[in-house]
Amino acid sequence: GDSVTQMEGPVTLSEEAFLTINCTYTATGYPSLFWYVQYPGEGLQLLLKATKADDKGSNKGFEATYRKETTSFHLEKGSVQVSDSAVYFCALSDQASGGSYIPTFGRGTSLIVHP
Amino acid sequence: GAGVSQSPSNKVTEKGKDVELRCDPISGHTALYWYRQRLGQGLEFLIYFQGNSAPDKSGLPSDRFSAERTGESVSTLTIQRTQQEDSAVYLCASSLLRRTDTQYFGPGTRLTVL
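One line per chain: the protein sequences are A and B, in this order. Using our numbering, read the first sequence as starting at 1 and increasing by one per residue. Using our numbering, read the second sequence as starting at 1 and increasing by one per residue.
Next comes chain B alone, as it looks inside the complex:
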């Protein structure tokens, strides 16, 4: 079926505004992850959803960041009162819930905060 999709692909916003990023995982994938990738850097884990269990929010950098997921479907990552240091590519990935399973990544949303 279709891969992981993310929208928008690019988002330019002004400092202080709120933004909402969307991720559509592969159908049937129980696990969903959000990562942040700053320019030239590695992946920074943000949050993990596992089925109907409480999400693991241990990677969220501040209380301005939050995320929701509806069942095993769409997820949204919200950043409130954006700051310039929030500028990055935000990647979403989904997988089945086994040790051996591959993560399938979306193309990312490039966020620029002016």
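Bound conformation, chain A alone:
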């Protein structure tokens, strides 16, 4: 079945540092890929997504490129802020047999940014 593997956290950075959170996936079909973010005390919300190979999703200074050849969707940001402290979830959505769409989520990576 489908699976998503993302780097374990917590990732601890100083403000303005460069961020990479690795995400790799396995899928039987041609999935869409997502990054969701969960700020402290809140529900998950979409950060960015890419729906086909070589697409780059971007939002709030974060970027991720859909790499089919390496089955990866790594999240990057050039200069993190304290307000980026959150848990980040990589996910994929693919059509399973029977037509259902049950997204597969990674375990989440906690990011802590210090001033």
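By construction, these hints were calculated from the structure, which means they are not laboratory data. This one's a predicted model, so the numbers in the text were calculated from it and none came from an experiment. Mixed in with the good hints there might be a few duds.
[As the list claims (entries may be wrong)] Distance ranges between label pairs, derived from CB positions: (1) Gly42/B x Gln81/A: 22 to 30 Å; (2) Pro115/A x Ser9/B: 24 to 32 Å; (3) Arg38/B x Ser14/A: 27 to 35 Å; (4) Ser62/B x Gly78/A: 43 to 51 Å; (5) Gly1/A x Ser73/B: 29 to 37 Å; (6) Thr13/B x Asn22/A: 33 to 41 Å.
Using N, Cα and C, we set each Cβ at its ideal position, and we do this for glycine too.
Dock chain B against chain A, hints included.
Positioned in the frame of chain A, the structure of chain B alone reads:
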């Protein structure tokens, strides 16, 4: 329009009692999902509703858990005879039924079983 809403936001109950959690999805969203998130953990899929098709219950952890959905509207997740290990945040999400579609999450219900 309005986002996904869930109620109650917090629920404290005694072990052995039944609880009912409610989710109001975004209007027009065919798919509705329930997840469980234990403290510091990832998302655990529970159940999926797709239009009028039979729900996918493959993630329900025991027969104490059940869920219903009325058409493409409100869903309720019921936990019978609650146990302390049921303590978690229960998240609901809805989406359109396409591979490219985003899931929209509610704020969750924090369940504490004493």
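Tell me the numbers of any earlier hints that the structure contravenes, in ascending order. none
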